[in-house]
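Enquirer: Listed below are the residues making up each chain.
There are 2 protein chains.
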Amino acid sequence: MPADYALDKAAQDLLFRSARTANTFTDEPVNDAQVEDIYDLMKWAPTSFNQQPLRVVLVRSGQARDNLVSLMWDNNQEKTRNAPLVAVLAADTQFTEHMPTQFPVFPQAADVFFGEKQVREESASFNAALQVGYFILGVRAIGLAAGPMSGFDVDGVNREFFSDGRHRALAVVNIGKPGQDAWYDRLPRLGYDQVVSTV
Amino acid sequence: MPADYALDKAAQDLLFRSARTANTFTDEPVNDAQVEDIYDLMKWAPTSFNQQPLRVVLVRSGQARDNLVSLMWDNNQEKTRNAPLVAVLAADTQFTEHMPTQFPVFPQAADVFFGEKQVREESASFNAALQVGYFILGVRAIGLAAGPMSGFDVDGVNREFFSDGRHRALAVVNIGKPGQDAWYDRLPRLGYDQVVSTV
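Residue numbers (this note's numbering), protein chains in the order written: chain A, 315 to 513; chain B, 315 to 513.
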C-alpha cells in the first residue's frame, strides 16, 4: 500500500487545482476503451456496503443525442450538442439486486438494511452521487476534461433513457479534449474556516 | 492545462486501485494542517452552480468523541473510538447564503433556482455527496487512509453536532495512517457491461 507518500504536484493539478469544467471540446472522439479506462479506475472508490448504484448511459446515436439536447437547459444545449461524448449518470434504485455478489460477507444486507423503499432510494442517490464525483475525477485521471451539468429536465431524461422506472438521472457529463475558450473565469471557493470546524 | 497526459500508474494506485477503506489506524496524529491540505485540494472539484454545500466537523475533544461513538452502529463504534481523527461530513441546506460571493456571475441563482425548500435540500444533498467523494480521494491524495462510514444514527448526529437544524449528516470518516490488519478482503466490483450502456 502506498500509504507514505502524497500525490505529486502535477497529479494534484491534473485532478484538482488546474482541472476545470470544460464548456467546449475539440472534435477528437472519445472511444469505448477510454470509458473503460475511466470505469476501471473509479469503480474501486468506496460506496456504502459496496452497493455501486451508479449507471452510465453513453449517448452516441444522432437521434439519442438530439433527444438529450432538447432536454437540457439553456446554454447546456449547445455544449451537449457539440461534445465528443455525452454520458448520462444515474442511480439504480434497485442496486440491491447485486448485493449477493457484491457484498457476499452479508448478503442479507439487501433486506435487513434496504428493505424500505425510501431508505433504499436515499442510499442509491447518495452513493451514486459519490460515484459521480469519482467518475468526474476518473475522466480527468485519463487526461480528458469533464463538463458535468445538472441543468436539465430530470423527469424527461428519466423517461427518455430509463423507461424501466428504477433509475434516477443525477448528472449529464460532456467528455473530451478541451477546445477553444473552454473555461469560464475561475469561481472562488469557500475558505477553510467557513467549511471546517472543530469540536 | 495538463490535458494531454493521464495520471501515472502509481498515482492511479494511490487514489483508486490500491487504496482501501481502513478499519484500523496507527497512533500517529492527524493535525489541522493536514486537513487544510485535504481541503485545499478537494475544494476545487466541481459542484452545481459552485454551491459547495459540504461542511466538516473535526471531532477532537474526548467528550465529543464519546458522544459520536455512542451514535455509531455496531463495529463502527470501535473504529470511531480508535481513529486518530474523525470527521463528520454534512450538507448545509442553506448553502445559498454564500451564492452572492461564490456564484457572482448570477447571484440571483439562490432565489431563481433554489427558492423552493425541497429543491434546495435535494441539491445540497447531491452536491455535498459529490464533495464527500472528493474529500475521500483528497485524504488519499495526501497519503492518508480514509475509513468512510454510513452506519450511524443520522438524526442523533444531526442533533449532537448540528443543533441549528440546517445541516444533514451524510458520512463519518475516520482518517489516519493504516494500522495492523487495516483491510478486509477486497470486495468485487460490477463489470463494465453491468454499469455502462450505449444508446
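Just so you know, the hints here were simulated from the structure itself, not pulled from any lab data.
What you are looking at is a predicted structure, and each value in this text was computed from that prediction instead of being measured.
Accuracy of the hints is not assured; some may be wrong.
It does not matter which identical chain is used: a pair holds within one copy or between any two.
Heads up, simulated SDA-like pairs for lysine to any residue below, C-alpha to C-alpha not over 20 Å straight-line [as the list claims (entries may be wrong)]:
(1) K491 / D322
(2) K323 / I456
(3) K491 / D327
(4) K431 / L501
(5) K431 / R331
(6) K323 / G457
(7) K491 / I456
(8) K323 / Q422
(9) K323 / D354
(10) K431 / D341
(11) K431 / D467
(12) K491 / R374
(13) K323 / T338
(14) K431 / Q377
(15) K491 / P398
Enquirer: Hints first: check each against the structure and report whether it holds.
Expert: Now the hints, each set against the structure:
1. Proximity of K491 to D322 under the C-alpha cut-off of 20 Å is restricted to the inter-copy arrangement: shortest distance 18 Å between copies versus 23 Å within a copy.
2. For the identical chains of this complex, K323 and I456 are neighbours both inside a copy (16 Å) and across copies (11 Å), given an alpha-carbon limit of 20 Å.
3. In this assembly of identical chains, the alpha carbons of K491 and D327 lie at most 20 Å apart only when taken from the same copy (16 Å versus 24 Å across copies).
4. In this assembly of identical chains, K431 and L501 lie within 20 Å of each other by CA distance neither inside one copy nor across copies; the values are 38 Å within and 25 Å between.
5. Taking the closest pair of Cα atoms, K431 and R331 never come within 20 Å of each other, the shortest separation being 39 Å inside a single copy and 32 Å across copies.
6. When the C-alpha separation of K323 and G457 is checked against a cutoff of 20 Å, the pair qualifies both within a copy, at 15 Å, and between copies, at 13 Å.
7. Taking identical chains as interchangeable, the C-alpha atoms of K491 and I456 lie at most 20 Å apart only when both belong to the same chain, with a minimum of 11 Å there against 27 Å between chains.
8. Neither within a single protomer nor between protomers do K323 and Q422 lie at most 20 Å apart by alpha-carbon distance, with minima of 44 Å and 36 Å respectively.
9. For a Cα distance limit of 20 Å, the shortest separation of K323 from D354 across copies, 12 Å, qualifies, whereas the shortest one inside one copy, 23 Å, does not.
10. In this assembly of identical chains, K431 and D341 lie within 20 Å of each other by CA distance neither inside one copy nor across copies; the values are 43 Å within and 41 Å between.
11. Taking CA atoms no more than 20 Å apart as the test, K431 paired with D467 passes between copies only; the shortest distance there is 18 Å, against 24 Å inside one copy.
12. For the homomeric pair K491 and R374, the shortest alpha-carbon distance inside one copy (17 Å) is at most 20 Å, but the shortest distance between copies (44 Å) is not.
13. Taking the shortest Cα distances, K323 and T338 never come within 20 Å of each other, neither inside one copy (26 Å) nor across copies (28 Å).
14. In this homomeric assembly, K431 and Q377 never come within 20 Å of each other (Cα to Cα): the closest approach is 34 Å inside a single copy and 36 Å across copies.
15. For the homomeric pair K491 and P398, the shortest alpha-carbon distance inside one copy (8 Å) is at most 20 Å, but the shortest distance between copies (41 Å) is not.
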